[in-house]
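Residue numbers (the working numbering), protein chains in the order written: chain A, 1 to 310; chain B, 1 to 274; chain C, 1 to 456.
Under the rule of at most 27 Å between Cα atoms (straight-line distance), these lysine-lysine pairs were calculated in the BS3-like manner:
1) C:K118 <-> C:K451
2) C:K451 <-> A:K68
3) C:K150 <-> A:K68
4) C:K153 <-> A:K68
5) C:K261 <-> C:K427
6) C:K311 <-> C:K181
7) C:K289 <-> C:K202
8) C:K340 <-> A:K68
9) C:K358 <-> C:K76
10) C:K189 <-> C:K261
11) C:K63 <-> C:K342
12) C:K118 <-> A:K68
By construction, these hints were calculated from the structure, which means they are not laboratory data.
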Amino acid sequence: MTSSLIAGSRPVPRSEAGPDARGQRRRTALVGIGYLAPALLFYAVFLLVPFFHSVYLSFCSWDGISPKRWVGLDNYRSIMGSAQYRDAFAHSFVLIGFYTILTMAVALVLVGFLGSTKVRGMVLLRAALFLPYVITPVVTGVAWRWLLAPDGPVNAVLRAVGLDGWARAWLGDFDWSLPSVGLIGTWMLLGLALVLLIAGVQRIPPDLYEAARLDGAGPVREFLAVTLPGVRSEVAVVTVLTVTAALRNFDLIYVTTQGGPGSSTEVPSFLVYQQAFFVGDLGLASAMGVLLTLLILVLTMLTLRPWRKG
Amino acid sequence: MKTTRAHAVTGQLVVTCAAAIAVVPLLGVLIMALREPDTRDSTIRLSDSFHFSNFGAVWGLADLGAALASSFTVSITATLLTVLLSVPAGYALAHFRFPLRNTLFVLLLAGLMLPNESLIIPLYFDFRAVGLADNLLGVILVETALGLAFGTFWMRSFFREASPEIVDAGRMDGANSFVILVRLLLPTAVPQLLALVVLTFVWSWNDLLVPLVMLSGGRQFTAPMALAAFQGQYATDYAYLAAAAILTALPVVVVYLVLQRSFAQGITSGATKG
Amino acid sequence: MPKIRFRRHFTPLSAALLAATLTLAAAAAGCSSGSDAEKSGGGTLVVQNGLGGSTGLLAIYQKLNQQFESENPGVKVDFVTKSFDDLAATSKLQLSGSNPPDVVQVNRGYQALGAFAKGGLLTDLADYAKQYGWETRQSSSQLQLNRHSKDGKLMGDGPLWGLDATTAWIGLLMNTEVATKLGITAEPKTIQELESQMQTAKAAGEIPMQFGSASGELAAWLLSELLLAQGGPEAVQNLVFHKGDATFTSPTAVFAATTMKSWGDKGFFTPDWTAYKTDQVLANFTSGKGLFTLTSSRFMPLAGTPEETKKFKMVFFPSVSGQGVSAVGAGDIPWTIPAKSKNKDLAAKYIDFVTNEKSAEQFLAGGAIPSKPPADVETAITSANLPAPSQDAVRNGIKLVSDGTPVPYVDWGAPELYPVISSSFDKLMSGSLSVDDFLGQLQNAYGPFVKSLQEG
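Produce the complete structure using the sequences and hints provided.
Printed below as a string of structure tokens:
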């Protein structure tokens, strides 16, 4: 299945040149805009306008009550100059490693097995895998805090198998708290990735698998040659979603570590929330938000590149 | 379709392990929910008695009936609106050429990246100015807009991959773009559409921040907001919190179970075969 | 030409449209009924509280509300509960709207009560205070915390914006069984005694002080108590009220930070304390492990039967000198009347009701400490039949308010102080920040803010 999707239409018996074709193209363009318009308008009015309002606010200092005060680039300067904020961004990258890369790897392996083989109890298993994504982080966070507690089950298991040296206060450890949060994120997002990838696998025509098998391909070759290319666009989608989840995981951080110990799990979304809701300068919070958006945008564009079709 | 025995067994093992890992922490939540309430102890221990009464208790304490009703209204409406608007939008972005097409796509995609935390307060003030604050409609509109960001991206991906032969065959038969969309392409999009429904429903259901702010001046509250009834300033009633969380997660689980049977079934065959 | 299967799709499509329209209609209907219900007037008093999760206090207020309704026929109290966090996050939005509740609990602080006073979102309670005699009902140090200057600059000064019904204080919980085992007979009266008792515990293999820094409160409380212990009430008050050019680099502050660090280094705290949140710390302590722990009177009643909790004693955190009765303590978040409230007189009547002597007795009976203690405290405590630690909490709390000097929490001094204290504390204890650097970070969060208020 080639990916050559041509916008508009394949050549139809009609001349491409001349005023008739141009009118045709213009009408096609208008139809396209017509299909797009409702969604675009809705989105623009209810999300873009507030965002631009927020961009304007980022150049002000405002507590939400008194009149706004223009401060130009001061907010941005103080953020870029703040080691705390720079560290927070650095922490996001670590989380992306878990939320995106690890999740994707595990999901693809699972999909490789689920896609082409018959697994018994499929419905139940798939339901079980999706559950972590569905229960609110407020509560799964509590469950994980217990699991990773100094005297919790994970450490108990480690001690039981003789790995005493590995047992530690996972969420209270300066070095391990961030990776621990990352693992919790992977655990939560796996279900999402699976849902999307499975939807994609369902679209791959069985003839391709058939052809691969006739060529003598084993399961691994099958996966690499048929499944993986077939779910390219879903992988792109999962990438976008997991990257944004890694950078918008305020809920989980708040419940598990609140940025601690020290500031080892502080992430931009947590700092934005603190500033917007508790310290109270909406201008500064907006500036943080704008920077965060830019970062996510750049990262997503970069990670999407390799998956873009040639 | 022959697969080796080893392959099948490994597959079964791997998937079952993954499911077990997924479920174990949630079992912890269940055990926590059956414990004696008001102990402020966040360790999970099997207590001597199972307090199934916790579920009944939290229903009244947190007024879960009202919370679930509001959440249903918000999530069902937002999901429907999202799907209705995303399908043609994705179709347009994939199959039509018009100026600024790629820019508009990136613009919509950016909606996934907007940080709600800094956006939501100015948004609340803006909505309040036009009377959309402190009611469910405002929440629905924001959730739909957020859903559209993903929905258009997702449907565009689908339409880009859609078989060109179908489209051509349709054109040959003189079908206009609407007919092609609705009668030819959408039937093959069922798994994708259902995945979109599930995801939009889950996101709008579990969102805490948007309803918290948008409904802050009023009296309505959604399921995630109801959980706050058990979270004190320094201490949390973990048993009640867990019980309430399970009850408020049930509708989403049911939605997923009902729909996943359809969208994860076999390949919808037909249109491409001769 | 390949055969194309046409499928009927209009039915599901139209069904979806119909469902959407119906749901939207329902939402719209839900909206209007929602906003009608919130309009206060004609006998409904909308009271917004931040007591979510405090089942004890909520139960007491429910009784009080019923009594208020029976004393004021035709009035219905609509008691809306939010968690403290949600209330703090959304107060600003609620108060600035056109239809705020009639009575609202509001968080204290320059960025909360102060900002609302500055923004004209609250009603000055001076007239009501005169009418109902609130100025004699509570001590001036209690009322002080609910005052804020109209320009937002001075906490503890200016008009009265709210009144708190209950109060709480920070102290030490002591496990007398463990103490007896260690040969300790009385609670520590000085910091030195405290340290030697903790040393004894450590030597015997007991956890000297159950502690946890996963949620930042205990670190902030410990800092406040140690500042108080060395520098007396003024040390903390000057920092909070921006008086006397107070800084976090003073010798008192150095003492506090050095003491905290030394306690950590000597192993007085729970191992792996960075992993424990405040409620887990309490649970660890009440399970019988540990000699001391920091606690708030708000944690009473402790979990367990009176028999089981008999062995816990709530005592004052000692000072260096051992003199005077003082502790970190402040009223719970005060009840205020939004400026746009439509039922101000009734609202003031409600505030008066929950802070009067009769209500005080009910709070006491429920184990909470009323801001205005009843005349005969001991009788009230006995008749309330409270478990032992609750009795300590109430008795000592009232003693603090009547005879001693309660001081506010030091993190009230600047909006950014609390997050900085909680993150820098861990770094101080782990050694990545020296005492001077730690105090420098606190001063950075404090100094510029003070300056901006004085200049701005």
